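There are 2 protein chains.
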Amino acid sequence: MAVNEVYQYSIVSALMDGVASHGTPIARVLEHGDHGLGTFRNMVGEMIVLDGDVYQMKADGSVVHVDPATTVTPFATVTRFRPTVTIRGAVTGKAGLKDLLTRLIPKARNHFLIVRMDGVFRRVNVRTAGGQLTPREGMVDVCARQTTHTFEGVKGTIVGFRCPGYVMGVNVAGDHFHFIAEDRKRGGHILEFETDGDVDIAAAQMSQFRLELPTEDDEFNEAELKLQAQGIKAVEG
Amino acid sequence: MAVNEVYQYSIVSALMDGVASHGTPIARVLEHGDHGLGTFRNMVGEMIVLDGDVYQMKADGSVVHVDPATTVTPFATVTRFRPTVTIRGAVTGKAGLKDLLTRLIPKARNHFLIVRMDGVFRRVNVRTAGGQLTPREGMVDVCARQTTHTFEGVKGTIVGFRCPGYVMGVNVAGDHFHFIAEDRKRGGHILEFETDGDVDIAAAQMSQFRLELPTEDDEFNEAELKLQAQGIKAVEG
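As you go down the protein sequences, you meet chains A and B in turn. Take the first sequence: its position 143, counted from the start at 1, is 143 in our numbering, and no numbers get skipped. Take the second sequence: its position 114, counted from the start at 1, is 114 in our numbering, and no numbers get skipped.
Hints listed in this document are in silico derivations from the structure and should not be mistaken for laboratory results. Just so you know, nobody snuck in bad clues.
Now the stretches of chain B that chain A is said to cover, found in silico as 3 or more residues with beta-carbon under 8 Å: (1) 99 to 110; (2) 154 to 166; (3) 205 to 213; (4) 222 to 235.
Quantities reported herein were computed from a predicted structural model and do not represent experimental measurements. Don't be surprised by glycine CBs; every beta carbon is placed ideally from N, CA and C.
Next comes chain A alone, as it looks inside the complex:
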């Protein structure tokens, strides 16, 4: 696969419906990208893919370096990231990053974006999903028990996507960021952040989207997959 193309396994609506018992080997996902986000079987923790390495950020705050050959994912989005825009500057939180991306890449309203930020953060608030209590438990219920953490004065990296509104349900419309500390010991799904001075921002616009659906998966086949836009915004926004 070429660079800066979106590859996605399964759809967010499947997670909403609790389809997370099975998945695809992460090694297969990595054939299509070296940066990205996702989750793990039974929605245990948050996934971040960084320079081809995969980390599982757990609800207790710990981070595990994942072996892609022996671990599967029920949902992941990755790209082979080659930045087309780079800039150094301070970013005042999610809203600031949103504005910056729109300014940096103005003609991407209906395209996908990938972004990576490296630097020192004054503060990062994350949440981490702890996992399903039972098979098919939906993401709204799983995230109702999410753990939140605040990291202060931490060096690390944000990886995120912006998806166009028309893929809501397939993926998350709008911005969606995960964070991992440089020591690879802390991280999660970003609720809010603030940089401490300037950070390095790299981004690329993407016009190719490749979706692979689960096969031989009764949970996926039987799920209703109705659009739950408000629910997705609540747990992923």
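Take the given structure of chain A and dock chain B to it, following the hints.
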């Protein structure tokens, strides 16, 4: 690209918003498939792709064999079709075909399907979009002026897709069929049909979906692309 994978250029919501002034060379689309549906610049006519040949079915009832090297499409969906299910039987219209597909391929509720039917039809009702009167005229207005034709006792072929509900707006959720007569002189978007005795039905389930978005296209960049599910059902259902 492998067989039985969906390749799509642009999204149906863009047509709804009247984004149809530009497009991609049809020759590029054919690199990804030999069967499919679509439209042409300014939504002039209905496209059917059959065994790698592309036909433009116009509102006056005529059909043109299209040169893929010199013609562009603002929206098309194709697949390199290799049937995994074939059957011979009578089909009593769109509802009958819908039931038959669900019976033939029961575990495809959340997957894509491609279907082709060859035979003699007692009756085929089609509509054909005549095209935009002005740039950015939306598909609902274009289709308000559509022409309908009824063909009786005609030998021909139906090509169609079934798309899962969660791609509504990206494509058309549900079934969507076009027809072309064996003499390649009549055809259109199917409103209803009835077979005359048995026909040959071939289908395949598809779990890979590849979407290519227009680039360098201000119309696409500037379009709102809000989901108009009712409008899509009205003009494409």
